Amino acid sequence: MSELTLDVQGLSTHFLTRGGVVKAVEDISFSVPRGRVLGLVGESGSGKSVTGFSVIGLVDPPGQIVRGKILFQGRDLTKLDERELRDLRGNRIAMIFQDPMMTLNPVLRIDTQMIETVLAHEKVPREAARQRARDALGMVGIPSPDERLVSYPHQFSGGMRQRVAIAIALLHRPDLIIADEPTTALDVTIQAQILAEVQKLAREVGTALIWITHDLSVIAGLADDIAVMYAGRIVESGSVSEVLDRPMHPYTHGLIGSVPSRNARGTRLRQIPGMTPSMLNLGPGCAFRARCARADAACAADPQQSTPVAGRTLRCFHPQLEVTA
Amino acid sequence: MTTWMLRRLIQAAFVMLVMTVIVFIGVNVIGDPVEILISPEADQAERARAVAALGLDKPLWEQYWRFLSGALQGDLGRSFVFNEPALKLIAQRMPATLELAITAVLLSVIIGIPLGLYAGLKPNSIGGRIIMGGSILGFSLPTFWVGLMLIMVFAVQLGWLPSTGRGPTRELFGVHWSFLTWDGLRHMALPALNLALGNIALVLRLTRAGVRENLPMDYVKFARAKGISPNRVVFVHVLKNILIPIVTVVGLEIGGLIAFAVVTESVFAWPGMGKLIIDSINVLDRPVIVAYLMMIVLLFVVINLIVDLLYTVLDPRVRLETKE
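Chains as they are written, first to last, in our numbering: chain L, 346 to 670; chain A, 73 to 396.
Heads up, a few of these hints could be off.
[As the list claims (entries may be wrong)] Computed list of lysine-lysine pairs in BS3-like fashion (alpha-carbon distance at most 30 Å, straight line):
1. 468/L <-> 312/A
2. 293/A <-> 414/L
3. 424/L <-> 312/A
[Unchecked claim] Heads up, incomplete: computed chain L residues facing chain A, CB under 8 Å, no partners named:
4. 401
5. 453
6. 603
[Stated by the list, open to error] If you want the footprint, here are the derived chain A segments under chain L, 3+ residues with CB under 8 Å:
7. 347-355
8. 375-388
Simulated from the structure, these hints should not be mistaken for laboratory data.
This structure is a prediction, so every number in the text was calculated from the model and none was measured.
For glycine and all other residues, C-beta sits at the position ideal for the given N, C-alpha and C.
For reference, chain L alone in the conformation it holds in the complex (with noise of 0.2 Å):
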């Protein structure tokens, strides 16, 4: 394995609220070598936003990081202050979000939301900010990108602004980008561009990505190696191949067949059964138990992270080693 971009060891990230302590994260640890992408898989309140939001350092109060480290280059981010944390956003570190038609600013044009982005980490003239600005979104695949500078938001269409998004992240080409569900809100056509042009840029450029997403299928054609979240845990991570191909954790396996697919066309479909645990006081033991087939007295404990298989993690008493899927 070439070096590691990013190398996060034991986070946890607590939401201190009125209600009592929401443990979105609790105790993961997971890597990002140079120039691979990384899939961060689990359903909606499963803590993937959060760890996302926990790397460049915008965990939203009451949110707190309480434990701990977050690697990047052999630096802990947890360790540096605000002022030096701005320096590596937008610059070291850039961030996708998951709702284009959020994320610009409605007021303000193209030109203006990037341009401010360049200068805000390197010192050039605005005209070759300008220039750079403008590079960024012919490189997404943004036609006529000189009159498009001069636009607003609103002018463009919702594909059009996540590659807007994107070229923004992409400025001062990152080492590490976050992306949170950045085309869960496309249509499956842009989607699919998207996807193509990401691992592209990321292949050339050598960026480290993390691909959040509840979509396995993008993961299986996007990412390198998959982190399974569950209750703000990793429950179960590896290299994609292996873990699609012979998941462990019974919620991996769960995920996996509630995938409609055409050959089990006409039955009904898979689900797991249950809700996702409410995260406000989450007891001790596996928070997947009470939706588990396989669990019995001893998931009142937690599961400690066990490495079943070189390069795979897995938290589980009772892992599923035979392929049944």
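Please build the complex by placing chain A on the supplied structure of chain L, with the hints as guidance.
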């Protein structure tokens, strides 16, 4: 844009026309000016002569017609009391009211927006809570009482500022203004602050509400994720978004301040239009009342037009076009 403008102007003309009817009928209902203007000892002949001279012997529709044809030529009638054109009387008083109202608006923006930003950014801080608490006082204390208190404290007790009148004025474009002399500014300070108080509270609360509403939005988080400075996030990204409702309200309030500066002008003996209209209503000086109300309507129409034009500057999604 041109079509839009044309349509707005026609609308405005129509509004003015409707207002003339309402105002004209209104002032005819509230009382007979002859009773006040003519001395009680006057005999029947004198009385008839006076009524004829004022044109009050004609039927109402004919009076209205004469008023309307006069108005189209810029003549809104002569004051019964001063025997001068009503428009001239108002024009003489208007600069005083205008500069008072505009100063009050500037004060409410200059004080209201920063305080609102602070209260919005730090809603749980002591400062933020004090600001919000204070704004309730700004809303609810009656203007005349605050005016009297201001005079008590700053003019009487401390003796820092004069309590009445406009002070020396200087001429600019043929009009006398107080704000061009230092002493004039000192005279304006208290009445302007008094007039602005309610609006400071209003702008402050609007700004705070806007900040609270906009801060959790994705675009703010995205702006922060770009690594731009917190000041730029607040003063460029957030402020430009919240200016839209503020401009609407401030625009409408300018009209309100000009039209209803009556109380402040009375308390501080500020020789503006508000005082004129109160005096005119007391003696039922119909042409002045009508002319004043027409001016106010015109003012509101113009301000609304300007506010609509400002929208296009502030919000690119607003385009002044009439959809076919």
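Inset, instruction - Given the hint that residue 293/A pairs with residue 414/L, test it: the Cα-Cα distance must not exceed 30 Å. - result: 23 Å, holds
Legend entry - Hinted contact residue 603/L with chain A - closest CB pair below 8 Å: At about 28 Å, which exceeds the 8 Å cut-off, the nearest Cβ of chain A leaves the hint on residue 603/L violated.
Inset, instruction - Could you grab the alpha-carbon distance between residue 424/L and residue 312/A and see if it respects the 30 Å cut-off? - result: Measuring from Cα to Cα gives roughly 34 Å; hence the hint is violated.
Inset, instruction - Would you check the hint for residue 468/L and residue 312/A, treating anything up to 30 Å between C-alpha atoms as holding? - result: Measuring from Cα to Cα gives roughly 25 Å; hence the hint holds.
Legend entry - Given hint residue 401/L near chain A, where the shortest CB pair must fall under 8 Å: 6 Å, holds
Legend entry - Outcome, coverage hint (the stretch 347-355 of chain A, chain L; C-beta under 8 Å; three residues): violated (count 0)
Inset, instruction - Three residues minimum, CB to CB under 8 Å: does the stretch 375-388 of chain A make the cut for coverage by chain L? Let me know. - result: Three-residue rule met by the stretch 375-388 of chain A, so holds; n is 3.
Legend entry - Hint check, residue 453/L versus chain A [nearest Cβ-Cβ separation less than 8 Å]: 7 Å, holds
Going through the hint list in order, the structure does not satisfy hints 3, 6 and 7.
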